[in-house]
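In case you want the letters, here they are:
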Amino acid sequence: MSEPTAPPVDVIHDIGYRHYEGERLGHGYAVRSLFTQTLRGSFGLGRSIKSKILPMGMLALICLPAGIIVAVAVYTKMSKLPVEYSHYLDSMQFVIALFVASQAPVAVSRDLRFMTLPLYFSRPLTSRDYVRAKFGAMFCSVLILTALPVLIMWIGTLLAQMSFGYNLRHVAYGLVAAALYALLYSAIGVAIASLTPRRGFGVAAIIAVMLISLAVSGIIYAVLDNSGHIGVAPWANMISPARLVDSTVTWLFGLASITSSDAGDMVPSTFGGWVFLAEIALVPAAAYGLMVRRYRKI
Amino acid sequence: MRCDPGHRYGRPVSVIITDNLTKRFPRVTALDRLTVDVQPGVVGLVGANGAGKSTLIKILLGLAPATEGSARVLGLDVATEGGAIRERVGYMPEHDCLPPDVSATEFVVHMARMSGLPASAARERTADTLRHVGLYEERYRPIGGYSTGMKQRVKLAQALVHDPQLVLLDEPTNGLDPVGRDEMLALIRRIHSDFGISVLVTSHLLGELERTCEHVVVIDGGKLLRSSSTADFTKATAMLAVEVTDRRSDPEFDADAALYERLTTAGLTVTTDGTRVLVVEIKGDETYDLIRDAVADLGVGLVRMEQRRHHISEVFSDDQPAAEEESAHV
Numbered sequence: 001m002s003e004p005t006a007p008p009v010d011v012i013h014d015i016g017y018r019h020y021e022g023e024r025l026g027h028g029y030a031v032r033s034l035f036t037q038t039l040r041g042s043f044g045l046g047r048s049i050k051s052k053i054l055p056m057g058m059l060a061l062i063c064l065p066a067g068i069i070v071a072v073a074v075y076t077k078m079s080k081l082p083v084e085y086s087h088y089l090d091s092m093q094f095v096i097a098l099f100v101a102s103q104a105p106v107a108v109s110r111d112l113r114f115m116t117l118p119l120y121f122s123r124p125l126t127s128r129d130y131v132r133a134k135f136g137a138m139f140c141s142v143l144i145l146t147a148l149p150v151l152i153m154w155i156g157t158l159l160a161q162m163s164f165g166y167n168l169r170h171v172a173y174g175l176v177a178a179a180l181y182a183l184l185y186s187a188i189g190v191a192i193a194s195l196t197p198r199r200g201f202g203v204a205a206i207i208a209v210m211l212i213s214l215a216v217s218g219i220i221y222a223v224l225d226n227s228g229h230i231g232v233a234p235w236a237n238m239i240s241p242a243r244l245v246d247s248t249v250t251w252l253f254g255l256a257s258i259t260s261s262d263a264g265d266m267v268p269s270t271f272g273g274w275v276f277l278a279e280i281a282l283v284p285a286a287a288y289g290l291m292v293r294r295y296r297k298i
Numbered sequence: 001m002r003c004d005p006g007h008r009y010g011r012p013v014s015v016i017i018t019d020n021l022t023k024r025f026p027r028v029t030a031l032d033r034l035t036v037d038v039q040p041g042v043v044g045l046v047g048a049n050g051a052g053k054s055t056l057i058k059i060l061l062g063l064a065p066a067t068e069g070s071a072r073v074l075g076l077d078v079a080t081e082g083g084a085i086r087e088r089v090g091y092m093p094e095h096d097c098l099p100p101d102v103s104a105t106e107f108v109v110h111m112a113r114m115s116g117l118p119a120s121a122a123r124e125r126t127a128d129t130l131r132h133v134g135l136y137e138e139r140y141r142p143i144g145g146y147s148t149g150m151k152q153r154v155k156l157a158q159a160l161v162h163d164p165q166l167v168l169l170d171e172p173t174n175g176l177d178p179v180g181r182d183e184m185l186a187l188i189r190r191i192h193s194d195f196g197i198s199v200l201v202t203s204h205l206l207g208e209l210e211r212t213c214e215h216v217v218v219i220d221g222g223k224l225l226r227s228s229s230t231a232d233f234t235k236a237t238a239m240l241a242v243e244v245t246d247r248r249s250d251p252e253f254d255a256d257a258a259l260y261e262r263l264t265t266a267g268l269t270v271t272t273d274g275t276r277v278l279v280v281e282i283k284g285d286e287t288y289d290l291i292r293d294a295v296a297d298l299g300v301g302l303v304r305m306e307q308r309r310h311h312i313s314e315v316f317s318d319d320q321p322a323a324e325e326e327s328a329h330v
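So the sequences go chain by chain: A and B.
Note that the working numbering has the first sequence beginning at 1, numbered continuously upward.
Note that the working numbering has the second sequence beginning at 1, numbered continuously upward.
Keep in mind that a hint or two might mislead.
Subject to a maximum C-alpha distance of 30 Å in a straight line, what follows is the list of computed DSSO-like cross-link-like pairs (lysine-lysine) [what the hints assert, rightly or not]:
no., chain 1, residue 1, chain 2, residue 2
1, A, 52, B, 151
2, A, 297, B, 151
3, B, 223, A, 297
4, A, 50, B, 223
Just so you know, the hints here were simulated from the structure itself, not pulled from any lab data.
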């Protein structure tokens with residue numbers, strides 16, 4: 001306090017190189033960080049404003065009809081939601097497909113295209129860790145997309161004071177469906193995206209697979225149904241991921257199907273139902289195995 | 001200032017030891033019974049493209065298994081302790097590896113976290129490291145707009161951000177202009193002298209490594225050609241190159257001949273190489289004094305008096321003295 005005359009001058013001191021003595025959180029932390037970064041990135045968080053528009057738009061798009069349904073149900077004092085939770089996701093499948101097509105390439109093709117992978121793999125992180133983090137992050141981001149509207153609808157039933165027990169059971173079925181959609185869509189999306197360093201190709205390929213499989217599935221179903229093979233027609237459902245999840249969940253929980261009141265209509269038979277379930281388990285496993293192989297060589 | 005990596009954890013150790021390291025691919029032998037012992041410091045790895053440099057780096061990082069033989073990095077076995085090695089080592093690849101749409105700060109912070117640094121430490125270390133490699137305000141701009149030199153600095157920063165004990169730099173001067181090259185080489189020297197981090201740097205330019213490294217390993221076709229200190233390579237041959245001017249007042253006077261005579265009478269061995277440069281063998285410190293006095297007595301101007309050294313490139317061509325440093329492609 002003895003030298004009030006000289007005003008403080010801001011100086012940049014070169015303090016030289018300092019070694020890092022703090023903690024190193026290691027391998028598990030690195031995987032978690034990569035997971036978080038990818039998950040945030042798939043909604044555009046931590047990226048430019050421009051890259052937030054599409055994923056956030058998709059999230060709004062899938063939640064908006066759910067909100068409207070809830071508003072109508074509350075206003076008209078319905079005793080039951082007009083649509084089953086899992087069927088809501090089925091009718092919104094194009095939004096899920098668009099989200100995966102736009103975001104799965106963001107998660108994996110950039111590192112391939114800009115050849116950043118050697119930087120990851122020269123760190124404690126292994127290629128298996130990388131696949132695990134990317135796969136998990138994509139699953140979680142699609143799960144947020146599919147589970148959020150289901151939860152909005154359920155909260156609506158609470159507000160409208162609908163039957164609590166019934167809706168609790170059915171929201172659980174809806175969440176199972178949400179998880180299965182997330183699993184299938186993210187697995188297929190990430191596996192396709194990891195095949196190409198070009199983001200555009202990835203987007204196009206995912207969209208194509210999702211749309212074409214749906215179309216093919218619908219055509220085969222219609223042909224079999226019209227030619228009198230009603231019994232085998234539901235096998236066509238296993239071609240499209242969305243049809244697969246919807247029919248399996250409908251069969252598994254004995255839900256009312258959209259097309260008919262007969263739940264058995266969606267899967268060919270009980271045996272068929274188990275085949276469908278097995279497919280839901282095997283497709284992501286195969287996609288995961290493909291990814292591990294894909295990244296081992298880098 | 002100088003602190004060798006080994007000292008941080010007790011005894012000084014060899015940074016890299018390989019023993020009969022062999023890597024065979026189905027159609028080519030990339031490394032052929034390579035045995036080297038690399039001490040802390042700046043070590044150069046020279047070889048033509050395809051000599052096995054990148055294969056060696058991959059094995060040292062524990063990313064590819066050796067066909068035969070063994071290697072240890074910082075005392076850790078590459079075959080079984082790859083994870084521990086990669087925690088302690090930084091790697092700068094030869095190729096482009098930077099996403100253009102993020103800033104240097106964002107990118108290096110992310111890479112620091114991938115090395116296990118907590119978020120706050122990652123940010124702090126990133127700011128420090130980018131400053132040390134010479135990136136200031138531009139570090140907040142997307143990397144896509146950077147010059148090659150700036151990109152090389154970002155690549156170097158991501159290799160240093162977790163404060164490794166050893167960095168492996170693969171062709172860090174690739175694509176740089178002469179000024180950028182010199183700056184990068186100066187930076188590499190500082191990594192060891194100021195930061196206390198050992199460096200293994202590869203290049204196909206011998207001249208660069210001569211200026212930068214304390215020790216050079218030369219490999220060719222996967223085989224060890226030579227491994228010795230740069231002092232050995234470019235052993236000062238105890239020669240002085242001396243060049244003087246003529247007398248302005250007396251153009252007839254042959255200054256070179258006069259100086260030649262003065263120095264030979266004084267008992268020095270002097271040769272000329274056809275130009276005006278006299279090459280004088282150094283007998284001791286008094287040689288410098290003799291030349292100074294002779295030049296002063298003759299009243300001529302001294303243009304140059306410098307030590308002559310051999311160049312590393314002479315390793316490859318014994319009879320041909322290195323003409324041009326930069327043309328010393330192997």
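Outcome of the hint check:
A hinted pair counts as satisfied when its Cα atoms are at most 30 Å apart, and residue 52 of chain A with residue 151 of chain B qualifies at roughly 27 Å. Of the supplied pair hints, the one linking residue 297 of chain A and residue 151 of chain B holds, its CA atoms being roughly 26 Å apart against a limit of 30 Å. For a cut-off of 30 Å, the pair hint linking residue 223 of chain B to residue 297 of chain A stands: about 25 Å separates their Cα positions. Straight-line distance between C-alpha atoms of residue 50 of chain A and residue 223 of chain B comes to about 52 Å, which puts the hinted pair past the 30 Å bound.
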